[in-house]
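S.K.: Below are the chains, spelled out letter by letter.
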Amino acid sequence: MKIYLALTIASLKMYFRNKQALFWALFFPLLIMIIFGIMNFDRYNSPNVGIYDAADNQASQALIQALQGNSDQKLLSVTVDTLEEIHHELEFGSSRGSIEIPANYGVPGEFAEIKVTYDERFQQERAVISTILGQVTDAVFKEVNQVPDEYRVENAIGITEAVITGQGQGFKAWLIPGIAAMAIMQTGLFTVVFTLVRFKSQGVLRRLKATPIGASHFLAGQLTTKAIVVVLQTYVLVIVGAIVLGVSVGNGRLGAWFDLTILALLGGALFIAIGLAVSGWAKNEETAAPVANIISMPMMFLSGVFFPLSVMPDWLTQWSQFLPLTYLADGMRAITVEGAAISTLGSELLGLGIWIVISFVIATKMFRWE
Amino acid sequence: MTTATDPVIVAKDIRKKYEDITAVNGISFEVRRGEVFGMLGPNGAGKTTTVEILEGMRDADSGDAIINGINVKNDPTAVKAIIGVQLQQNAFFDKLKLSEIVDLYAKLYLAKVDPVEILARVGLDNRKNAQYAELSGGQKQRLSIAVALVNDPVVLFLDEPTTGLDPQARRQLWALVRKIQKSGATIMLTTHYMEEAEELCDRIAVVENGEIIALDTPDALIDQLLETGFKPEKRVREATLDDVFLNLTGHDLRD
Numbered sequence: 001m002k003i004y005l006a007l008t009i010a011s012l013k014m015y016f017r018n019k020q021a022l023f024w025a026l027f028f029p030l031l032i033m034i035i036f037g038i039m040n041f042d043r044y045n046s047p048n049v050g051i052y053d054a055a056d057n058q059a060s061q062a063l064i065q066a067l068q069g070n071s072d073q074k075l076l077s078v079t080v081d082t083l084e085e086i087h088h089e090l091e092f093g094s095s096r097g098s099i100e101i102p103a104n105y106g107v108p109g110e111f112a113e114i115k116v117t118y119d120e121r122f123q124q125e126r127a128v129i130s131t132i133l134g135q136v137t138d139a140v141f142k143e144v145n146q147v148p149d150e151y152r153v154e155n156a157i158g159i160t161e162a163v164i165t166g167q168g169q170g171f172k173a174w175l176i177p178g179i180a181a182m183a184i185m186q187t188g189l190f191t192v193v194f195t196l197v198r199f200k201s202q203g204v205l206r207r208l209k210a211t212p213i214g215a216s217h218f219l220a221g222q223l224t225t226k227a228i229v230v231v232l233q234t235y236v237l238v239i240v241g242a243i244v245l246g247v248s249v250g251n252g253r254l255g256a257w258f259d260l261t262i263l264a265l266l267g268g269a270l271f272i273a274i275g276l277a278v279s280g281w282a283k284n285e286e287t288a289a290p291v292a293n294i295i296s297m298p299m300m301f302l303s304g305v306f307f308p309l310s311v312m313p314d315w316l317t318q319w320s321q322f323l324p325l326t327y328l329a330d331g332m333r334a335i336t337v338e339g340a341a342i343s344t345l346g347s348e349l350l351g352l353g354i355w356i357v358i359s360f361v362i363a364t365k366m367f368r369w370e
Numbered sequence: 001m002t003t004a005t006d007p008v009i010v011a012k013d014i015r016k017k018y019e020d021i022t023a024v025n026g027i028s029f030e031v032r033r034g035e036v037f038g039m040l041g042p043n044g045a046g047k048t049t050t051v052e053i054l055e056g057m058r059d060a061d062s063g064d065a066i067i068n069g070i071n072v073k074n075d076p077t078a079v080k081a082i083i084g085v086q087l088q089q090n091a092f093f094d095k096l097k098l099s100e101i102v103d104l105y106a107k108l109y110l111a112k113v114d115p116v117e118i119l120a121r122v123g124l125d126n127r128k129n130a131q132y133a134e135l136s137g138g139q140k141q142r143l144s145i146a147v148a149l150v151n152d153p154v155v156l157f158l159d160e161p162t163t164g165l166d167p168q169a170r171r172q173l174w175a176l177v178r179k180i181q182k183s184g185a186t187i188m189l190t191t192h193y194m195e196e197a198e199e200l201c202d203r204i205a206v207v208e209n210g211e212i213i214a215l216d217t218p219d220a221l222i223d224q225l226l227e228t229g230f231k232p233e234k235r236v237r238e239a240t241l242d243d244v245f246l247n248l249t250g251h252d253l254r255d
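First to last, the protein sequences are chains A and U.
Start counting the first sequence at 1; every next residue gets the next number (the UniProt record's numbering).
Start counting the second sequence at 1; every next residue gets the next number (the UniProt record's numbering).
Hints are not guaranteed to be accurate.
Stated by the list, open to error - Taking CB as the label site, the calculated pair distances span:
{"no.": "1", "chain 1": "U", "residue 1": "Lys182", "chain 2": "A", "residue 2": "Val361", "range": "38 to 48 Å"}
{"no.": "2", "chain 1": "A", "residue 1": "Leu219", "chain 2": "U", "residue 2": "Asp59", "range": "17 to 27 Å"}
{"no.": "3", "chain 1": "A", "residue 1": "Trp257", "chain 2": "U", "residue 2": "Asp59", "range": "41 to 51 Å"}
{"no.": "4", "chain 1": "U", "residue 1": "Ile21", "chain 2": "A", "residue 2": "Met1", "range": "39 to 49 Å"}
{"no.": "5", "chain 1": "U", "residue 1": "Val116", "chain 2": "A", "residue 2": "Ile294", "range": "25 to 35 Å"}
These aren't lab readings, by the way, just hints derived from the structure by calculation.
Please read all numbers here as calculations on a predicted model, not as lab measurements.
Ideal Cβ positions, reconstructed from N, Cα and C, are used throughout, including at glycine.
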């Protein structure tokens, strides 16, 4: 225990004296966060809309297609989901309208009542969505009236509108947990890879092997250090980000900080394990750096850190949703943006858990002292 | 039972192969308590492998290495706890001050020492707040000896301690080795400098191709050679070029 403590304290000292590591752990993510936060991408995006399609027939699919526009002119960013999910997204997420297509939509002779709900805080988006929905349904209506008589319906489509006051805080709030998750990945992966590979190639690890302490002591000290760093880093990024960008964390729920700590530790463990696997394999820094980059770069852009997965094509998201960083970013976002409790994040925790197990198995197979 | 007169290092027919290269081919010797024992030989002769087997850093294919009555292969941790090790390629944590490095290593042995006092023994107490990377080659070697002393070792292993050092630093290190010997430790060192062996070692083993080809005191080995009628090509002069260099540049350490 005393040995473990001595090693942990020593490696903490080494970490905090390493100005470069601190730059990458804190300053760099904060910089990205603030730059992207100030840019306010909300304004330029086509509004996000959630659609619940109870009809799920040819007509309703044609309607959804029409609302999205075509490649020449993108109209709305549409996500089709359950009723519960689209309302949740509208209230807490980045969705600006929820559209419910009734089960009788497109059924000949029936009057279909489409229900739209807006977030009253976003009047500009409301106007855009309302206009597009009006135009599209008008066109559909006209088309319907050109079909043979037996399919003809008078006043086939009606639209009712409702308004809620959402609690979502837009792109800025959305951005912070993603960047914090990315920073956990960078710290876990790169600091582990670079310190261990350097210690290995310089012979520091060999010298430790000549002492009576076991390998596990040294590794435990290293892991503890990185865990402490990862948690502190998450606090700093989320707090400074929230202050600078003016958003609240976890809807003011105090337990959010506890949940965030747990997730940061899980994410830290995951990426540290991946780092151990890489440093076990690599002989020196020159071979370690590209591998660490090959692992982290795609995740940075495919895991919904800078922009939501919904803007990516389906063929990509059906894979990227299983990336380790996606689970971590989604989980942290649910806690900070939506105020969710960690106990509700079953799929994220499961995904992280599976990745942790896989990574540690690979790490123990790969790790070498010399 | 170990007594003061028992040999402190016993190597019995140690063998080690790396794939198809035989590094150590049946080496046996004993080192007495308080002795400075040198292992000489060209690069690749098997010196380092033998020493690393004695240190518990490497497993032998066969044979026994016994330090202070403990068989290394039975309890390498117990052996590591009572020896001090200076490896051929030593490196220590950067970003730590020298005093912190010594303190950390002392804690790894659960030893209570004053880091500054240990540094003073190797003449580095004035650099206690420096970091490892700031040290010169000779200072790095002295630090690694300081670190090897934290557990007050029964046996100190020095693997080519003066390779790459300038003559001043080398002589300083020799003085240090003699000082450590006086304090009662047994020292086993490897070197490929003959004058270093002659200067420091009570007995030397000459190793070639993984085998000991000669083992005796330096004087005895020289006498044996002269008995064969050997004559050096040049007349031995009273001073060496080393002496000339030191006389010109001074004995003071340059760091």
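S.K.: Would you mind marking each hint as holding or not holding in the structure?
M.R.: These are the hints, each one checked on the structure:
For the hinted restraint 38 to 48 Å between Lys182/U and Val361/A, the CB-CB distance of approximately 53 Å leaves it violated. Under the hint 17 to 27 Å, the C-beta atoms of Leu219/A and Asp59/U, about 21 Å apart, fit the expected range. Between Trp257/A and Asp59/U the beta carbon distance is about 50 Å. The supplied range of 41 to 51 Å therefore holds. Distance hint check: the CB atoms of Ile21/U and Met1/A are about 43 Å apart, consistent with the given range 39 to 49 Å.
Checked against the hint of 25 to 35 Å, the pair Val116/U and Ile294/A fails, with Cβ atoms roughly 47 Å apart.
Hint violations for this structure: numbers 1 and 5, all remaining hints satisfied.
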